[in-house]
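Trainee: Read off the chains here:
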Amino acid sequence: MSTLTVTSLIETKGLSLRLNGEIVLRDIDFRIKSGEIITIVGPNGAGKSSLLRVLIGAVTPTTGKVYRKPRLRLGYVPQKLEIDQTLPLTVLRFLKLPVWQRRSVLDEALISTDIAGLADRQMSELSGGQFQRVLLARAILEKPQILLLDEAAQGLDQNSEVAFYKKIEELRRDLQCAVLMVSHDLRVVMSASDRVICLNKHICCEGSPEVISSNIEWQKMFGTIGSGALALYRHDHSKNNKQALTSVQ
Amino acid sequence: MILDDFLVRAVFAGIGVSFASAPLGCFVVWHRMVYFGDATAHAAILGVVLSLALSVSIFAGTLVTALLMALSISIMRQKTFALDTILGVIAHSSLAVGLVAASFVGGIRVDLRGFLFGDILAVSKSDLTIIWIGALCVIALILWRWSPLLISTVSSDLAHTSGVSERREKLILTLALAVTVAVGIKVVGVLMIGALLVIPAASARCFARTPEFMAILAVIIGTIGTLGGIRFSFDFDTPTGPTIVCALAVIFVVSNFVRVISKTA
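For the record, the sequence lines run as chains V and B.
Using my numbering, the first residue of the first sequence is number 1, and each one after it goes up by one.
Using my numbering, the first residue of the second sequence is number 1001, and each one after it goes up by one.
The reader is advised that the hints may include incorrect statements.
Away from chain B, derived, C-beta distances all over 10 Å, residues of chain V [as the list claims (entries may be wrong)]:
1. V66
2. V105
3. Q122
Lysine-lysine pairs mimicking DSS-like chemistry, simulated, CA-CA at most 27 Å apart [as the list claims (entries may be wrong)]:
4. V:K96 <-> V:K13
5. V:K201 <-> V:K69
6. V:K33 <-> V:K69
7. V:K80 <-> B:K1170
8. V:K13 <-> V:K201
9. B:K1170 <-> V:K96
Here are the computed distance ranges between Cβ atoms for each label pair [what the hints assert, rightly or not]:
10. V:G117 <-> B:T1264: 19 to 29 Å
11. V:G21 <-> B:F1257: 26 to 36 Å
12. V:R18 <-> B:E1212: 33 to 43 Å
13. B:V1260 <-> V:N215: 32 to 42 Å
14. B:G1163 <-> V:G155: 33 to 43 Å
15. B:F1257 <-> V:R121: 48 to 58 Å
16. B:N1256 <-> V:V99: 53 to 63 Å
17. B:V1260 <-> V:G14: 53 to 63 Å
18. B:S1165 <-> V:T62: 35 to 45 Å
19. B:T1210 <-> V:P43: 37 to 47 Å
20. V:G155 <-> B:S1074: 54 to 64 Å
21. B:F1257 <-> V:S124: 38 to 48 Å
22. V:I23 <-> B:V1250: 39 to 49 Å
23. V:N215 <-> B:V1089: 30 to 40 Å
To be clear, the hints were calculated from the coordinates, so they are not data collected in a lab.
Cβ atoms here follow ideal geometry from the backbone N, Cα and C, with glycine treated the same way.
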């Protein structure tokens, strides 16, 4: 029954997940098409990261199916990564894991994420913002068709966060890839998404940023967002993308 | 200098075990599996006793026991106890059960000292063959899986996005560990095989900037320590296994000293 919709990159049908007897996700019907930007929001413990990990194949769902487009190239930026101090690892070496890449390709990825100067630094010496950019550089190395970001800017200060998401916008434009990001931050939700999915173990509601913010379920979970905020973070994809996120604050 | 035959065998046995244990030891250190390695090694004494009782090859007996123990620990990873608690229980219990079981093995009085602390000077030609076959298998396994092992060390999620199964790589490490324990018993014994895994890797960390360099340096350090230990023990008539570990410990201290000095300089 591999009825993957032609344009879908990843699709799930009736997906449920139990971890240690507890329901983490239930009845998730989800799909992401090429080029689409989707944000998943939800409170802590809503199963956001688990859903992402099911989608990348790190966790097998308890019931239901995950269809991935054959030979789908994934770029995944985890929430945070703790590299043990005992593992010596330069940025360049990290980027070459597990697939060996030519130096020119690596340099290109470093330049496009604005960290060209970090090539020979140890991963353990990087700041939070630099580290996330290295993760991003690694994610784009294999020219992903879909970029998955799990609260990738968490822990960054506000300016770095804005810059980080601006970078993602830019990369998305260059790579023409779909973006699936997870966030508990409403400001990020409203910025660039075609679709917002509100997750709390199941999909509570979904739709365009405007539709979703007036949804009752949404308001129950997050309260009302000022319409001013919404106006700030909404922008038009077809026009000048440069404004994306610049006005956040 | 004329080397006695048994000394030549000891040297080659030591080099063989170092070649396997040092690069594997890097993964043990990176994965924080040090105690896991110890528990697996301690369980091997049970394998020794069982092999003697059933009169099968000691290598096969320890390999199977170590492997079973390592696998059951991996499966038992559950939430009730922290992993180090489980390991603490298993490591000491299996050692104790092995020692008690030894007293039931009738007839032969089993000399467990050799298995607890190693008996490298008594390595026979067939021991040497088994050590080198085992060591070469471990080296081949690690070289073959180097990149997937490394990415799953860094992050299981990143491994999955690159199509690498973390579970398979963990299994490979476990298998390599069991083989290393089985071949290392003769050299330093079950109580100190952990040292052969950890100390060369930990010393190499002081100078390494990439994982590859760390593994190669660990092999060199492990070999130097083993040869130095054998030499010292021959000259001063000290127990060989513990002397090897002492030599490695000295290298570890010196390495750290050098690192601290070069950082402040």
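Trainee: Honestly, do R18 (chain V) and E1212 (chain B) meet the 33 to 43 Å range at C-beta?
Mentor: Holds - the Cβ-Cβ distance for R18 (chain V) and E1212 (chain B), about 40 Å, lies within 33 to 43 Å.
Trainee: Q122 (chain V): least C-beta distance to chain B exceeds 10 Å?
Mentor: At roughly 7 Å from the nearest Cβ of chain B, Q122 (chain V) sits no farther out than 10 Å, so the non-interface label is violated.
Trainee: Against chain B, does V66 (chain V) hold up as non-interface, every C-beta pair farther apart than 10 Å?
Mentor: Holds, because the least Cβ-Cβ distance between V66 (chain V) and chain B comes to about 12 Å, which exceeds 10 Å.
Trainee: Indicate whether the distance between the beta carbons of S1165 (chain B) and T62 (chain V) respects the range 35 to 45 Å.
Mentor: The hint (35 to 45 Å, Cβ to Cβ) is violated, given that S1165 (chain B) and T62 (chain V) are roughly 19 Å apart.
Trainee: Are the Cα atoms of K80 (chain V) and K1170 (chain B) separated by 27 Å or less?
Mentor: The given pair, whose Cα atoms are some 22 Å apart, holds under the 27 Å limit.
Trainee: Do G117 (chain V) and T1264 (chain B) keep their Cβ atoms within the hinted range of 19 to 29 Å?
Mentor: About 26 Å separates the Cβ atoms of G117 (chain V) and T1264 (chain B), which means 19 to 29 Å holds.
Trainee: Determine whether the Cβ-Cβ distance between N1256 (chain B) and V99 (chain V) falls within the hinted range of 53 to 63 Å.
Mentor: Since N1256 (chain B) and V99 (chain V) have Cβ atoms about 35 Å apart, the given range 53 to 63 Å is violated.
Trainee: For the pair supplied as a hint, K1170 (chain B) and K96 (chain V), confirm whether the alpha-carbon distance does not exceed 27 Å.
Mentor: holds (21 Å)
Trainee: How does the Cβ-Cβ distance of T1210 (chain B) and P43 (chain V) compare with 37 to 47 Å: does it lie in that range?
Mentor: Taking Cβ atoms as reference, T1210 (chain B) and P43 (chain V) lie about 41 Å apart, which means the hint holds.
Trainee: Take a look at whether the Cβ-Cβ distance between I23 (chain V) and V1250 (chain B) falls inside 39 to 49 Å.
Mentor: violated (55 Å)
Trainee: So if I understand the rule, the pair passes when the alpha-carbon distance is 27 Å or less; does K13 (chain V) with K201 (chain V) pass?
Mentor: Status holds; Cα separation ~15 Å.
Trainee: Within a Cα-Cα threshold of 27 Å, do K201 (chain V) and K69 (chain V) meet the stated pairing?
Mentor: holds (25 Å)
When held up to the earlier numbered hints, the structure conflicts with 3, 4, 11, 13, 14, 15, 16, 18, 20, 21, 22, 23 and fits the remainder.
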